[in-house]
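Student: Here is how the chains run, residue by residue.
2 protein chains.
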Amino acid sequence: MAVYTEVTDEDLAEFLTRYDIGHMLSLKGIAEGVENSNYLLRTQGGEFILTLYEKRVDPNDLPFFLGLMEHLATRGINCPLPVKMRDGAMLGEIAGRPAAIVTFLDGVWVRRPTVRHCAELGAALAAFHKAGADFHLSRTNALGVGGWRPLFERSRARADEVVPGLAGEIDAELARLERDFPCDLPSGVIHADLFPDNVFFIDENLSGLIDFYFACNDAYAYDVAICLNSWCFETDGSYNLTKGRAFLNAYAAARPFSDAEVAALPLLASGSALRFLLTRLYDWLNVPPGAMVRPKDPLEYLRKLRFHRAVATARDYGLDR
Amino acid sequence: MAVYTEVTDEDLAEFLTRYDIGHMLSLKGIAEGVENSNYLLRTQGGEFILTLYEKRVDPNDLPFFLGLMEHLATRGINCPLPVKMRDGAMLGEIAGRPAAIVTFLDGVWVRRPTVRHCAELGAALAAFHKAGADFHLSRTNALGVGGWRPLFERSRARADEVVPGLAGEIDAELARLERDFPCDLPSGVIHADLFPDNVFFIDENLSGLIDFYFACNDAYAYDVAICLNSWCFETDGSYNLTKGRAFLNAYAAARPFSDAEVAALPLLASGSALRFLLTRLYDWLNVPPGAMVRPKDPLEYLRKLRFHRAVATARDYGLDR
Numbered sequence: 003m004a005v006y007t008e009v010t011d012e013d014l015a016e017f018l019t020r021y022d023i024g025h026m027l028s029l030k031g032i033a034e035g036v037e038n039s040n041y042l043l044r045t046q047g048g049e050f051i052l053t054l055y056e057k058r059v060d061p062n063d064l065p066f067f068l069g070l071m072e073h074l075a076t077r078g079i080n081c082p083l084p085v086k087m088r089d090g091a092m093l094g095e096i097a098g099r100p101a102a103i104v105t106f107l108d109g110v111w112v113r114r115p116t117v118r119h120c121a122e123l124g125a126a127l128a129a130f131h132k133a134g135a136d137f138h139l140s141r142t143n144a145l146g147v148g149g150w151r152p153l154f155e156r157s158r159a160r161a162d163e164v165v166p167g168l169a170g171e172i173d174a175e176l177a178r179l180e181r182d183f184p185c186d187l188p189s190g191v192i193h194a195d196l197f198p199d200n201v202f203f204i205d206e207n208l209s210g211l212i213d214f215y216f217a218c219n220d221a222y223a224y225d226v227a228i229c230l231n232s233w234c235f236e237t238d239g240s241y242n243l244t245k246g247r248a249f250l251n252a253y254a255a256a257r258p259f260s261d262a263e264v265a266a267l268p269l270l271a272s273g274s275a276l277r278f279l280l281t282r283l284y285d286w287l288n289v290p291p292g293a294m295v296r297p298k299d300p301l302e303y304l305r306k307l308r309f310h311r312a313v314a315t316a317r318d319y320g321l322d323r
Numbered sequence: 003m004a005v006y007t008e009v010t011d012e013d014l015a016e017f018l019t020r021y022d023i024g025h026m027l028s029l030k031g032i033a034e035g036v037e038n039s040n041y042l043l044r045t046q047g048g049e050f051i052l053t054l055y056e057k058r059v060d061p062n063d064l065p066f067f068l069g070l071m072e073h074l075a076t077r078g079i080n081c082p083l084p085v086k087m088r089d090g091a092m093l094g095e096i097a098g099r100p101a102a103i104v105t106f107l108d109g110v111w112v113r114r115p116t117v118r119h120c121a122e123l124g125a126a127l128a129a130f131h132k133a134g135a136d137f138h139l140s141r142t143n144a145l146g147v148g149g150w151r152p153l154f155e156r157s158r159a160r161a162d163e164v165v166p167g168l169a170g171e172i173d174a175e176l177a178r179l180e181r182d183f184p185c186d187l188p189s190g191v192i193h194a195d196l197f198p199d200n201v202f203f204i205d206e207n208l209s210g211l212i213d214f215y216f217a218c219n220d221a222y223a224y225d226v227a228i229c230l231n232s233w234c235f236e237t238d239g240s241y242n243l244t245k246g247r248a249f250l251n252a253y254a255a256a257r258p259f260s261d262a263e264v265a266a267l268p269l270l271a272s273g274s275a276l277r278f279l280l281t282r283l284y285d286w287l288n289v290p291p292g293a294m295v296r297p298k299d300p301l302e303y304l305r306k307l308r309f310h311r312a313v314a315t316a317r318d319y320g321l322d323r
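Just so you know, the protein sequences line up as chains A and B, in that order.
Just so we're aligned: 251 in our numbering is position 249 of the first sequence, and the numbers increase by one with no gaps anywhere.
Just so we're aligned: 29 in our numbering is position 27 of the second sequence, and the numbers increase by one with no gaps anywhere.
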């Protein structure tokens, strides 16, 4: 949960004079998200999300993120649309933080995705990849394969405090992935963090995608692998083949996989499991004093990594081919 | 900020079947309030607040709180109206917690109240006192004068860690207040926690009162004293006589003070300053490990208490009489 920067009524009233969305009627901090401060804003013009970008977001990336949302929204993807100021700008400043207003999306995220939700997700992820293909900006994936070792170096000395032998296991996995990870798969803009809390549903129908603040350019199939990890495992650590089949085949129906993507899927799934293992490990070992966010369990992703190491082909995930 | 209990989409969908407000469209935890878990809920029927009552609220008090809001709302006070289930009940259960849905109020709370805000507050507080006069339930003020000494006993041993000499100063103040505190002033239902974050405004017009979870039966003028403390001091500790005058005279225009109330005001103001000093002192000394709430500074109320000790008459607060 997160509201790091408090917005005063006065700051906001001043900020809103730059927009054409009327007077403020209500402003509530939202207890979700860990990167930024988010407020639900009601004005005479409707409902919006006000986001203040905190220190984990590089201000230089904001034109990419906001431009991407606008690009996607105008191509029919249900995602927040940045609201422009009278002068056309999408980005301002409140309380010393970069700040933007985007449209509000109805829907709730599902705590326990069903098979139907996974199928909806597959179709939406493929549509997102296709809609982003002609976006004119690009952003390197700082958390791609080249970023994992430097990230690990920041936790290595204390990794074995979490599980004995963890440092050695990650070392071996890094060596394997750095050697074998594919670098020539079909690529474009990926979401890179499409966990269940970033996907909204109304009843069983997908109503929108949110939180594009990890979006970057990388292999489409890597985005698929991230979703396999975050949607198709049960809380007991078991892989749900029915969910995997629903997700992968719905994706492939809209954007067919190349042979190289199919062959790479187990390795991509290992890589994405390692990426979340490493960031969670770092957060676990570095909880700031007075933190208002509980770190997520890194071991969930260690178990997933071990699962993927034993997978031979994409067929084992449920892909029909 | 506070969402202590996470509500799943499944729990809520089940809960909503008991109401006539349509399907859920959105649910966001609100990062405000410290007692309960609050969610902003959108359904086909509109906007609502869903509250899960956490352990600091006695479930036996809930019929008083919910009944009071209904009583006030039907008498024209802008406050949340509990939504009734199909069977007429106002209280249900989610995730093992008592839970209720109330209507959503537009408005924002003001971080720095102006003179105009204080005048609006005075009129609204008097209207609230008059509207509550014929409410048929009652609730003892557990944090009234008789509750202060037991509360202090829980912090006394460590009080001097906060300020040297604090325990002795509180002891002397308790002795004075227990001896002199008036017990026969005009009484009825009071809000007892009408701080700026519980009062909404749209522009400079008061749009509603919220958070009735400290409401109880006590002297009306004690409620006035609580507002004097929480609205009419500046952040540097100085008393703003212009705000005090605006607040007190707007109140008196709608509900004139008796002579006894006027005479008692400095003592009531001392008492209410001590009450908030004591609860803040306890919270300050007892921050639970992993707390997601930062305790408020008890010394703010020590300074206010010292101010009131030096006040001779209600005229010094700005009351015209």
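It is possible that some hints are incorrect.
Given that identical chains are not distinguished, each listed pair holds provided it fits within a single copy or across any two copies.
Stated by the list, open to error - Below 20 Å or equal to it, Euclidean Cα-Cα: the simulated SDA-like pairs (lysine to any residue) are:
#, residue 1, residue 2
1, 298, 7
2, 86, 117
3, 57, 167
4, 86, 289
5, 132, 200
6, 298, 153
7, 132, 11
8, 298, 116
9, 57, 46
10, 298, 8
11, 132, 48
12, 298, 195
13, 132, 94
14, 298, 51
15, 57, 179
16, 57, 251
Simulated from the structure, these hints should not be mistaken for lab results.
Since we're looking at a predicted model, the values are computed, not measured.
Student: Work down the list of hints and note, for each, if the structure agrees.
Tutor: Against the structure, the hints:
1. 298 <-> 7: between (22 Å within a copy, 17 Å between copies)
2. 86 <-> 117: For residue 86 and residue 117, the Cα distance exceeds 20 Å both inside one copy (38 Å) and across copies (34 Å).
3. 57 <-> 167: neither (33 Å within a copy, 41 Å between copies)
4. 86 <-> 289: Intra 37 Å, inter 43 Å, cutoff 20 Å: neither.
5. 132 <-> 200: For residue 132 and residue 200, the Cα distance is within 20 Å only inside one copy (19 Å; across copies 48 Å).
6. 298 <-> 153: So residue 298 and residue 153 pass the 20 Å test inside one copy only (17 Å; across, 37 Å).
7. 132 <-> 11: For residue 132 and residue 11, the Cα distance exceeds 20 Å both inside one copy (41 Å) and across copies (30 Å).
8. 298 <-> 116: Classified as neither; 22 Å inside a copy, 43 Å across copies.
9. 57 <-> 46: Classified as neither; 31 Å inside a copy, 37 Å across copies.
10. 298 <-> 8: Between copies only: 15 Å across, 25 Å inside.
11. 132 <-> 48: neither (30 Å within a copy, 35 Å between copies)
12. 298 <-> 195: For residue 298 and residue 195, the Cα distance is within 20 Å only inside one copy (15 Å; across copies 36 Å).
13. 132 <-> 94: This pair counts as neither: shortest intra-copy Cα distance 30 Å, inter-copy 46 Å.
14. 298 <-> 51: neither (25 Å within a copy, 28 Å between copies)
15. 57 <-> 179: neither (30 Å within a copy, 49 Å between copies)
16. 57 <-> 251: Neither way: residue 57 and residue 251 sit 39 Å apart in one copy and 47 Å across, limit 20 Å.
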